[in-house]
Each structure stands twice: as C-alpha cells, then as structure tokens.
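> Residues per chain, in single letters:
2 protein chains.
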Amino acid sequence: MKSELLRQYAKLIAVTGGGIVPGQSVVLRAGLDQPEFVLMLAEECYAAGAGEVEVEWEYQPMERLKNESESVETLGTVKLWQEQKLRYRADTLPVMLYLESADPDGLAGIDQLKRAEAQRRRYAVTKPISDEMENRYQWCIAAVPGVEWARKVFPGLGDAEAVEKLWEAILSCSRALEGDPAENWRRHNAFLQDRCAKLNAMGLVSLEYRASNGTELTVGLIPEAMFLGGSETNPVNNAVYNPNIPSEEVYITPRAGEAEGIVYATRPLAYRGQLIDGFWLRFEHGRVVDCGANRNEEALRALLDMDEGSRMLGECALVPYDSPIRNSGVMFYNTLFDENAACHLALGRGYTSNIRNYGSYSLDELRAMGVNDSMVHEDFMIGCADLSVTGITAGGERIAIFADGGWAF
Amino acid sequence: MKSELLRQYAKLIAVTGGGIVPGQSVVLRAGLDQPEFVLMLAEECYAAGAGEVEVEWEYQPMERLKNESESVETLGTVKLWQEQKLRYRADTLPVMLYLESADPDGLAGIDQLKRAEAQRRRYAVTKPISDEMENRYQWCIAAVPGVEWARKVFPGLGDAEAVEKLWEAILSCSRALEGDPAENWRRHNAFLQDRCAKLNAMGLVSLEYRASNGTELTVGLIPEAMFLGGSETNPVNNAVYNPNIPSEEVYITPRAGEAEGIVYATRPLAYRGQLIDGFWLRFEHGRVVDCGANRNEEALRALLDMDEGSRMLGECALVPYDSPIRNSGVMFYNTLFDENAACHLALGRGYTSNIRNYGSYSLDELRAMGVNDSMVHEDFMIGCADLSVTGITAGGERIAIFADGGWAF
Chain A
16 MKSELLRQYA
26 KLIAVTGGGI
36 VPGQSVVLRA
46 GLDQPEFVLM
56 LAEECYAAGA
66 GEVEVEWEYQ
76 PMERLKNESE
86 SVETLGTVKL
96 WQEQKLRYRA
106 DTLPVMLYLE
116 SADPDGLAGI
126 DQLKRAEAQR
136 RRYAVTKPIS
146 DEMENRYQWC
156 IAAVPGVEWA
166 RKVFPGLGDA
176 EAVEKLWEAI
186 LSCSRALEGD
196 PAENWRRHNA
206 FLQDRCAKLN
216 AMGLVSLEYR
226 ASNGTELTVG
236 LIPEAMFLGG
246 SETNPVNNAV
256 YNPNIPSEEV
266 YITPRAGEAE
276 GIVYATRPLA
286 YRGQLIDGFW
296 LRFEHGRVVD
306 CGANRNEEAL
316 RALLDMDEGS
326 RMLGECALVP
336 YDSPIRNSGV
346 MFYNTLFDEN
356 AACHLALGRG
366 YTSNIRNYGS
376 YSLDELRAMG
386 VNDSMVHEDF
396 MIGCADLSVT
406 GITAGGERIA
416 IFADGGWAF
Chain B
16 MKSELLRQYA
26 KLIAVTGGGI
36 VPGQSVVLRA
46 GLDQPEFVLM
56 LAEECYAAGA
66 GEVEVEWEYQ
76 PMERLKNESE
86 SVETLGTVKL
96 WQEQKLRYRA
106 DTLPVMLYLE
116 SADPDGLAGI
126 DQLKRAEAQR
136 RRYAVTKPIS
146 DEMENRYQWC
156 IAAVPGVEWA
166 RKVFPGLGDA
176 EAVEKLWEAI
186 LSCSRALEGD
196 PAENWRRHNA
206 FLQDRCAKLN
216 AMGLVSLEYR
226 ASNGTELTVG
236 LIPEAMFLGG
246 SETNPVNNAV
256 YNPNIPSEEV
266 YITPRAGEAE
276 GIVYATRPLA
286 YRGQLIDGFW
296 LRFEHGRVVD
306 CGANRNEEAL
316 RALLDMDEGS
326 RMLGECALVP
336 YDSPIRNSGV
346 MFYNTLFDEN
356 AACHLALGRG
366 YTSNIRNYGS
376 YSLDELRAMG
386 VNDSMVHEDF
396 MIGCADLSVT
406 GITAGGERIA
416 IFADGGWAF
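Here the protein sequences come in this chain order: A and B.
The first sequence: position 244 = 259 (our numbering), numbered continuously.
The second sequence: position 37 = 52 (our numbering), numbered continuously.
You may find that some hints are simply not true.
No copy is singled out in the list; a pair is fine if it fits within one copy or between any two copies.
Below, a list of computed lysine-lysine pairs in the DSS-like style, where the Cα atoms sit at most 30 Å apart [as the list claims (entries may be wrong)]: (1) K94 to K142; (2) K17 to K81; (3) K142 to K129; (4) K213 to K129.
Don't read these hints as lab results, they were simulated from the structure.
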C-alpha cells in the first residue's frame, strides 16, 4: 500500500478517530502484523500533540498457547500491578487506540469454558475500574491486515497480494482510499447525525424486525434513550472522537428484558478467534431461552453463559443493506467491518452514552432504566435484503424505519 | 533454519539457560523479529514446567521515536504500576529470558544525553528493587536474528539469506548446531569451571594486561573474589542456569578504584543502538581520566558520565583469542557474541556473585570490599592475538595466565 495513503489513514485514526488533545497520553494496542504502521500511527499521535504513546503488543498464538498451558487460576488472576495499571488509566484517561489484525479463526478449538471462566474471574477485579472510566475517555478501533486474516478473506492469493488487497479493502471501507479522509468523515458524520436527529424526534418505544429468513423479533426501547452514530464527545474534555473506523451504524441501547421472538444471524460471528456460523436465538422476556448454530454452537453457548447480562440485548444498530462495506463484496470475518455491513444486534453490555444526559445519572440509575450490564458486548448481523424494521411510538403509531433492507425515510 | 534445530535451541534456552523449576513463572522479553521462535521458546518453558509465561515485546524503532518525541520528564518517569510490576518480580522471582535481535545501529544519532538523563531518573526508582533481586533469580540472554541485524552482519546478501546465515552463526556459536546441545553445554561448563578452580587456587591480587597495540593496564582484584564461568546456581532454589548463551568467558569482579594505565578496545562496542569504534581509555586510581574514539565518542563520554561508577571497572573476563566465536569469522556487532570472542573488561556495576559466600554479606559490605556500583554494565573487547595477562600474587609472584591471546596454562 502506498505510503502516503497509509500516512493519511494513520492521521485519520489519531485525529478523527482518537480526537487527541495536546498533552494527552495514548495507549496503542496492536498485533505484531504491521509494526511499521504502528510506528507511523505513533508519529501521527505525537504530531497531534500526544505527550506519550505507549504501545501494547498482542500476539494471538501466544494467547492460544497460554489458554492451553496455564491453569484457570493463573489465567483468571489480575496481578496487583495489572490492576494498578488499569487504575492509572482510569485516573489519567489516556486515548485508547486499538488496531485489529488477528486471524478470525486463530483461537478455534480452544477450551472455551476455561477461557470464559478465566475472563469472569478477571472481570470481577477489572469491572469497577472500567465502569469508572466508561464514557470518560476517547477510544478508536481500526484495523490493519494480518497475514492469516488476509489469507482467510482472500483465499487462493499469495500472502503479499492478499495483504495488499486487504489493505485496500480496509482503507476503502474506512473512507481513506480516495479524497481527503478527514473531510470524508466530516460529511459522513453529518449524514449519520441527521439520521439520528430524525429518529430521535419520533418517540419510539419499540422496534419490530421482520425478514423472510424467519426473523420475527420485537425489542423494547428505553424512553430516555437516543440514537447515536458517528462521532462522539468526551464530556471530560469535550474532545470529539470516532470510536469505530469504519462505522456505518446508527445505534441505540434497548431495554434489557424486553425482547420477544426469534432472530436469524445473516453472517458468521467471529467470536474470540473462532467463527460461529448459521445461528439463531429465541428470546422470551428479553432473555435468550434457546439457540442453535451450524458451527461452533459450543462457543455460542459459552457466550450466552458468560453472566446474567450476556443473554440479553445491549444494542440495536441500523445499517442499510447496501452499505459500502457490503457493497465491497468482501466478507471480512471481523466484527468491526461485518457489523457495518448490515443491521445488527449485540448481546451483552449496553452503552450508557445512549441515554440522554447520561452524565446526570449514576451508573446504578442507568442500569435501572434498562441499560444492560455484562462483561461481554458481542455484535451479530441480522440484516438482509428484505429486512424490515418498524418503529412503534408510545401512542401505538407504526413508522417504517427500514424497508427491503434500507432506510425507509 | 530447520525446525528441529530451532526446537533444540529453544529447549536449550529454557532448560540449560533458564534452569526452569516446575511451577516457576517466566518473563520472556523479545523483539518482534521472530515471533514463531518466541512461541516455540514459550512452549519449551511450559514443557520444562513453567506455570506462567509472560511475553514482553520490544520494538526498537518505537524506542527511538519515543526518545525523539517525549520529554525527558515523561521518559524518566517510572509510573506507580511499573514500579509495582518490578516489585512483584522481586517478590516472586520469575525466570527472566531475554532474546536479543535488534539492529546494532538502530538507535544511532539519537540524543544520548536525553536518553541517559531519563535512564538516570528511572534508575533512582528501580535500583532498590533490582538490588533486592540481585543473585536471587535465574536469567538467560540469548539471541535470534532480526533482519536489520542480519543485514549488518552479512551485508550484500538478500534478507532471507542473511537471516538464515545469522541463525546458523548464532546456533553454531551457541553449541546448538551439532550434536546434543544440552550435552555440549554440560561438557563446556565443566571445562570453564575447571579453569576457574585453577585460577582461584592461585591467590591473585592483580592482573597485568600487555599488548602490542599499546595496552598497558594493571587492575587490582578483591581478595575475597573468585573467578566464575558458565553455569551459576540460584541460591534461593538451587536451580542451575546459564546467564549467557553463548558464553566462553571466565570472569572476575575487580576492585573498583584500582586500575592504572591505558587500554585499547579491539572491537567496536554496540552501545544503546550505536557503534562506538576505535576507542581507548586511560585509568588513574581506578577511574577513566581520558578517552578517545574514532566514531561516536559522544556516546562513549555519555556512558562514562552516567554516574560515579560508570568510570570504574566492574568485570575482567578471560576469553582465548581463538574462541569459537572469533573463529567463526563473524563480527556480530552485539556484545553477547563479541564479548565471547576475546578478553574484555566492563565499565560499571560489578557482579557481587563473584565474592566467595556473597550471601553472608550485606550489599553495603560487598560494595565496601570494592564491588563497583553503577546503573550501567558495559563490556568492551581488549583481546588480540598478542595479548598477555599476568597474574600477581600477594607474595609478588608473577604467573602467566594468558600468552599470545590464549591460555598460558
């Protein structure tokens, strides 16, 4: 990939994504796949005024080996210094940048129950700290190609060619391949925010999903909730940032405990390094009471069993079926992209930032309104060419939101 | 490089190098150059019984960028959680494995004074903790090829070929290319320890270095000091480990403050990512009072100015000039190898483990005997084809230790 394009993309992540304010610290988490790009991104962070950039490297095969070789006690322990590190971040609120690049299938076949139990144990220690940080820092998830990921997305090509094509797909979907990426994102954010304004004026209390694949689901909404999309604002310093690059979605936090019916996933879910494919979920009183999958049902069940909140919904996102990402024709096997290819829901934690004036409520009050709480937040795709979404108002009025997979207004 | 040979080498590092005791934790610090080998080494650590392996990745270009972009306050700060991490290690004493692979010239041209000042500030926080750990944990430094390093060692070759040749050179010098590496090391350790026994029976009080390049140096020894070489024993758990792979040296801690004369380096010194070449040091009353270098004299002066102890000697090591490493004909530009190619001295901290029954003395008592204290420990090569080393006993007897660059007995 041309160096100027990568440089523009790095700047997009640092400035439009992270919204770095001069003097802020940045934590950059990345795989080992594209160290030169990580360096370029760090340069752009400094250019945007970052006072410090700390890189945390990740290596998925080592994560796999650890899960195979270490006891659940060891895997589930948060050492004191690790807790102090999180505490330091909650106190200093650095910008968090995540560069995804791992093999979507890289953790296939590992002991999911062990992994989940270890995560649960760690979460008991880390949750109070992440709760405290929530909505108070800037963050951005973006992607760079790893070789294994590129092989999976473009099978049959040589490694170098597959990586190059994945770069191209990532940059294209991220609006960073043509024109001025920052300007592209200003226009894109304005469009998403116009959609939100119109939806938020409707006073919806529930959403009804219907599709020919069998999906028939009704999800309750929280009266105080609002649709969000594109850039967000960190209330601590008023910095504007984009949590996801790319992002095509307009999303809302549903009311936990209000979902009835059945929903069919329309794309595989890459969950913790393995693909769950051909799956469905049946909800009663807001909870998943039954499920099935053609592949990796065990992983799906482990996900549902993570905690009390992992069987309930935490997000309803609207994305037209003819989104740029789906139109690219590329199946990314990565949620950051695939979630922006079609309407989706998420199991697990809801975003408190979707509540109007969330800063004036305590976390407990926000949970009591119906914002779901969980250690997980897993998006899964339900959009398809004939999906319809109908909004229902407090007065019982039915408003077409989506028809035939796209915006109905 | 053949996978079986790499596997043997990994096992050599874990078992002969680290001496891992079942249940011990391992911290493995490595560059991004050979992740598959890092994984293999982690596997061998688990196979040796490690309960946990934590990998700390390093990326020299990021270190360079940080030094250029961050303030000396930021670079010099040890955050509380980082201090807690070191504290945790001093309390739990994991095996520390270091895999070197960085470009010997990768930090050339950076602001050395800034870097040194930042190191000094961090050291003020970390020193009490490392003092506490000293001699109480197992550690091993070994090497794997990085591309930039391979290019420098084998200029003119393609990258893949240079890396392959550097693998071969590393494995050969590490006695891991032929036969059973573990058995090779058992024999090698026995040889080195026989040399030590003979030297320690002589009752030497000083060493006299002479060579035709102008070297004329006399270094005082500590009566309680003894020569060591090859494997060491961790007194906490009696684990036997090899701190360096490769290692050809028999070494002793000299008495800080007793060195007179001039010494000429016979190989360039790769110091903090840059090469100091063609240099000499003149000692009076144990301290460097003058120096010169054909290249990077500024870096040499920064080294000498690090602290009170960095102008004094911390090690005298004896290595025959026809060592396997020098005979390989390869100039590695890396101290781990080059220090084992010829006799060398070190500026800076002395090893307290060279003092007989060091466990029965306090650190202050060991310093008072003449074990040098400093934040640095930098080896530099002084061996050459006509180097002679003469040992002088308390009774004034002169014993030939080295003649014409090799053992005289």
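> Honestly, which of those hints from before does the structure not fit?
4
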